[in-house]
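Visitor: Protein chains in written order, with the working numbering: chain Y, 1 to 251; chain B, 1 to 448; chain E, 1 to 405; chain G, 1 to 343.
Accuracy of the hints is not assured; some may be wrong.
Said to hold, decoys possible - Calculated lysine-lysine pairs in the PhoX-like style (CA-CA distance at most 25 Å, straight line):
no.: 1; chain 1: Y; residue 1: 168; chain 2: Y; residue 2: 237
no.: 2; chain 1: B; residue 1: 331; chain 2: G; residue 2: 68
no.: 3; chain 1: G; residue 1: 77; chain 2: B; residue 2: 309
no.: 4; chain 1: Y; residue 1: 141; chain 2: E; residue 2: 89
As the list claims (entries may be wrong) - So the derived list for chain B, only partly shown, Cβ under 7 Å to chain G, looks like this:
no.: 5; residue: 96
no.: 6; residue: 99
no.: 7; residue: 242
no.: 8; residue: 246
no.: 9; residue: 319
no.: 10; residue: 338
To be clear, the hints were calculated from the coordinates, so they are not data collected in a lab. Remember, it's a predicted structure, so these values are computed and weren't measured experimentally. Heads up, the beta-carbon is just placed ideally off N, CA and C, and yes, glycines get one too.
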Amino acid sequence: MGILEVKGVNKRFGGLQALGDVNLSVQENTVHAIIGPNGAGKSTLLNCLVGKLIPDTGSVMFDGQSVLGRKPHEINQMGISRVFQTPEIFGDLTVLENVLIPCFARRDGAFRMHAFETVANEAEMIEKAMTMLEDVNMADKRHMHSASMSRGDKRRLEMAMCLVQEPKLLLLDEPTAGMARADTNNTIDLLKEIKAKRDITMAIIEHDMHVVFSLADRITVLAQGTPLVEDTPENIKGHPKVREAYLGESA
Amino acid sequence: MSNSKFTRRGVLKTGAVTGAGLALPTIFTASSASAFTNEPTGASVTLGFNVPQTGPYADEGADELRAYELAVEHLNGGGDGGMMNTFSSKALQGNGILGKKVEYVTGDTQTKSDAARASAKSMIEKDGAIMITGGSSSGVAVAVQGLCQEAGVIFMAGLTHSNDTTGKDKKANGFRHFFNAYMSGAALAPVLAKMYGNDRKAYHLTADYTWGWTQEESIVAATEALGWTTVNTVKTPLAQTDFSAYITPILQTDADVLVLNHYGGNMVNSLTNAVQFGLRDRIVNGKQFEIVVPLYSRLMARGAGENVKGIFGSTNWHWSLQDAGSQAFVKSFGTKYGFPPSQAAHTCYVQTLLYADAVERAGSFNPCAVAEALEGYDFDGLGNGPTHYRAADHQCFKDVLVVRGKENPTSEFDLLEVVEVTPRAQVEYAPDHPMFAGGSLGTCNPGA
Amino acid sequence: MLGLDKKDWTLLLIVAVLALAAPFILNPFPAGSELAQFNAGYPDLMQRFAIFGIFAIGFNILFGLTGYLSFGHAAFLGVGSYSAVWMFKLLSMNVVPAILLSMVVAALFSLLIGFVSLRRSGIYFSILTLAFAQMSFNLAYSVLTPITNGETGLQLTLDDPRILGASATADGSIPVTNLFGLEMRSTFELEIGAWLFQFNAGYYLCAVIMLLAFYAAMRIFRSPFGIMLRAVKSNQQRMTYTGLNPRPYTLAAFVISGMYAGLAGGLMASMDPLAGAERMQWTASGEVVLMTILGGAGTLLGPVLGAGFIKYFENIFSKINDNVLHGWFSFLPDGLEDLLVSIVHPFVGKGWHLTLGILFMLVVIFLPGGLIEGGQRIVRLFRKKKAPRGEDADHHPKETPHVAE
Amino acid sequence: MDAILLQILNGLDKGSAYALIALGLTLIFGTLGVVNFAHGALFMIGAFCAVTLSKFLTLSFETVDPTKTDFLGQPLKVKTPYVEAWFGPDFGGALIDWAVPLSILFAIPVMITVGFVMERGLIKHFYKRPHADQILVTFGLAIVLQEIIKQVYGANPIPTPAPDAFRGSFDFGVLLGFDPSVIIYPYWRLVYFLFAAVIIGAVFAFLQFTTFGMVVRAGMADRETVGLLGINIDRRFTIMFGIAAAVAGLAGVMYTPINSPNYHMGMDFLVLSFVVVVVGGMGSLPGAVAAGFLLGILESFASMNEIKSLIPGIDQIIIYLVAIVILLTRPRGLMGRKGVMED
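Chain Y with its partners taken away, still in its complex shape:
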């Protein structure tokens, strides 16, 4: 039994079958990659996992509970954190504040009127955030205005914001999309680093084969909204169906 179990999920947009009978199981402490060509339904599937879309049929169980019908913030509170294609951070806030927010979110839940507490007095939270920042080598940038940082630093910060929540599942939505090769490699290193330091379950939606094969323990190949095959990277590499459907002749 995986921590995330997707069973028989269908989603139609008008006449378009975006997801057709998707089954997926993500095991704890693995990196599970979901790959597929453009339009394969990767993003639709992700949106069904985080509560942005509701599947027409099927079930999505996370940690033994259904996520269907829950709002994105509720699903996050269940233990799923998400990294976006382009880093989504709080640009008007400092780096430290950016990391403090998820700390508070974990401690206080979706809403709390902590209007008369003082951030400066939250030693425990600050320590937790600082440890996290040190972990991603950003401690010296804690007072920086996060919008003014480089894209690589923003990505690092976003990871830190997700990791500090100690998620049971970290979803990564094409974390290297649009990046130059060097940046992609940096991101891969960062993820490897993260993975090496802790037990973590990740689901990566990715287009870039290089990234996938560097990180994933298991890979699901999606084509036209349906999973073609699920296997280890080694087996996927040589799988004829995958070569045909996804990698084409270029591979």
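Fit chains B, E and G to the supplied structure of chain Y, relying on the hints for placement.
Guide: This is chains B, E and G only, laid out in the frame that chain Y set:
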């Protein structure tokens, strides 16, 4: 022009010895020695002129301010003396008030009761004004009157036509020279009956706020007493600029008279729209359709252009009056500014003279003494014939003018002609008349 | 101490000193001098500074932190005033119950409007709040006259059925508002040489409440809640995917700022027991927006400065008439005097709107961060002069300005 | 039935003014991304173009008429307009009579110039600034403009009547088989409606069928991409601002005979036109026009006695009520695009 401005306080304080003197807690800002708020102790006395300087009534406010400046000039012995020469009381000498030079401060009411009170308060608290006067709407007049009552200064209302000002909202410290909605109705109705007959069906459009309501009530009562029927009374929002949607329904009724209980910009627009829709060309029940504007403002009527021609209404005063007082006022105002004064200017000028005269007669600036001098006072020579300041409600009783938009104006000021001067007796009413009932004067408040 | 760091304490202390010494500071010119026209140290205006300061501080909690631009906040000030006056009419002339009720009513009203309006964001939210406020104003002016007394404004009368206290005083006037017996309008006057200073009980009540309001706002700015509100402004998407629900945060901010507005309204009625409908008009809502942006949205002190700036112009510049102008320039030869008067004339007295409009434009064009930024620039200028070539903040990586600045 | 017909006409007429102002606002917002609180002031300036021209045409010399006296009892100075003296009372009088339609010729260059100056001198510096700053600076500009007009022309409304030929009313009812003078409508208001329809049509045609319009529309959809194509979008946007100013100005010119213009008429329309624009959906031109007419008609219906007696005061709040209902049921107004002015 080179007159330096000394406030009461300035004269007082520049002579004061250096050192700290702590006064007792007082109401507003009277010094411990004085018997009433802002008692003038120096060589001058400060009056507060609170008029709309911004907003839609700014031009009317500007005209009021001109009248006040003229009045101050006359009180201080400048100019030709204006109506001081024709005023039945001869207490004013042209040497200021009680020998003190008259100074003034001005404020902007913005035609909002809040802003008007703020500016009146500032004149009382900061500039030491002993009397507040002015305003161009009833809401403001009632609000400022209430303030002056609490502060312990006299309020001489400017242009305010609502029955409430000297009705349910009357105050012991407040006085109104201007006429009111009841008087408009009482003066206008007989003329209307004479001109248009006793068998008329009236349709009212009324500005949806207190002044509009009191006027509607007054006109309905006065016309119905003469046999007219009221087909409908429709309230229109204050902010309305296009009245077409309120005028077209009239076409579906058998009403043959439209009464516009609007003032200012509302009046200009509703009248313009009514004429546009050809109401005046209509024949209903075999009668010519007519429009009536019970309260006329010449300044605003200009905005309606040719549409005012032949339209009946009432007014407090008009520059074409031939009595000596009016002529003297028109002459000094016209000579100074180049155009004739409005009714707002007239009432403000008269109110200032009446206040000054009352102080002279009372021999004191104490509001209670002044109020006593004004109460029940009979005077003449200020443009409206023999006039009586009634003690019971502080309302002036005088002749009321019924006017009509002139067919062939000779100049841009010559818009109205006086049709009838309705004698005072005809517009009088008992102080406890139902339209005025509900409030009480209270007692005079000197502040200290 | 009290949850503030040293920097905040300094700021609070400065504001406190300024507020308590306002009667001195705002009256720098001797009474009777030509410049006395610019004195603002009289009770009514000082009260207004404090009251509109509270209003703007509250508005800034919503707009400055969450970025939600409400065009209807005057409605909360209005209902606050109405409830306070009704309290005076029906219960007691003591200001405490009146102010409390005005905050409660404003809170309920803002909860209702906020709940509906916050279903949309951006300009759609702004127009929803505007629509609610304009409806309130239009109805208060006309059909709700039995409750609001329409055009004139709700005021006290001699026959109010007051439960605690008499309808009228022994000498037949309307009782005055008080704080457990201390009359709000009572004023101490202090003469020092040519100067006259007025210490008004009402003003000090307003000032103390403003300090409390300022302190509360400071705490909110520094709290985790405050960070959440800034997160709403910065990135709502990230917020939801961090497990936070932005809606209750914004609604809480909306209600808090509504309560600030209600408090301001209640205080206004306590200083002067009249509640006019114009208080609810969109122009009044626009005014607090202008105050906040003019002073510096998102800063603690900015809104207070902006409020003072606008109220100063409204009350001081509008009173400068030609007579005063002639007084100022009377030392000049007549021709020059008249020339100067005619040059200045369009900008003062009835032209004060023009001056205000020009100043708005100048401030927005040259000081994008509002008056606060102007102040910061001046401070920076002095610092640079003091320490030429020295270590300068500009050489460090850009840090976020502390919100208090 | 006849009452409803008349109210529809009233609504279309009111809607014409709303739609014209909202159209200009949306053009400016859609192309430049600027929230222009000074747009009402442009409408007002247009109206005062008509006032200025009619003042100019009635510039007069004075002759003394000893038979009459003025208010001070002195011989009356009779004013005769120069144009009447130069061109004779017939043609001169006709010129004065036709002052408002003639003002269109005068207003177009004036308004385009005003628009250019505004855009180049002020607005362009605010493209990258927050909307709040744009609102503040244009609001300040609106105050300055209206105060200048107030200092020149005073606060009172100034009558600017339509030409004599348009002063009567058109009897619709007779055409439709009703009794005479039951359904009548003033000629000038019909002219206004037709004029608005023509202007709206012209603006849409211009955007739809000219290359210039296509580029502007593309720019409204995606400014950066169009800029990358090497097209000087900035200059086109300046021209669009001029056009928007002209549309607002012409709406103002033609409005003067309906209601005498005064200095605050721009502010009176400003809030309503913003409501109209938002109800239509930010950035949508058809939305702005549709919302203008919709709100105009609903406002007229709400003014009917039958409806007012059911819900007292409904005419005071109808526009706002409709705005609330529409915004709550349709998140981005009638035709708004996603993501525009939502943060």
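Visitor: Now tell me, hint by hint, if it's right for this structure.
Guide: The hints, checked one at a time:
1. A distance of roughly 28 Å separates the Cα atoms of residue 168 (chain Y) and residue 237 (chain Y); the hinted pair therefore is violated under the 25 Å criterion.
2. In summary, the hint linking residue 331 (chain B) to residue 68 (chain G) is supported, as the alpha carbons are separated by about 17 Å, within the 25 Å threshold.
3. For the suggested pair residue 77 (chain G) and residue 309 (chain B), the alpha carbons sit about 22 Å apart, so the restraint of at most 25 Å is met.
4. Of the supplied pair hints, the one linking residue 141 (chain Y) and residue 89 (chain E) is violated, its CA atoms being roughly 59 Å apart against a limit of 25 Å.
5. Proximity of residue 96 (chain B) to chain G is violated relative to the hint, the smallest CB-CB distance being about 28 Å (cut-off 7 Å).
6. Because the closest C-beta pair between residue 99 (chain B) and chain G is about 33 Å apart, greater than 7 Å, the hint is violated.
7. Proximity of residue 242 (chain B) to chain G holds as hinted, the smallest CB-CB distance being about 6 Å (cut-off 7 Å).
8. Interface hint at residue 246 (chain B): satisfied, since its Cβ lies 6 Å from the closest Cβ of chain G, which is below the 7 Å cut-off.
9. Checking residue 319 (chain B) against chain G: minimum C-beta separation of about 6 Å stays under 7 Å; hint holds.
10. Hint status for residue 338 (chain B) relative to chain G: violated, with the closest Cβ pair at about 9 Å, above 7 Å.
Against the hints set out earlier in the document, violations occur for numbers 1, 4, 5, 6, 10.
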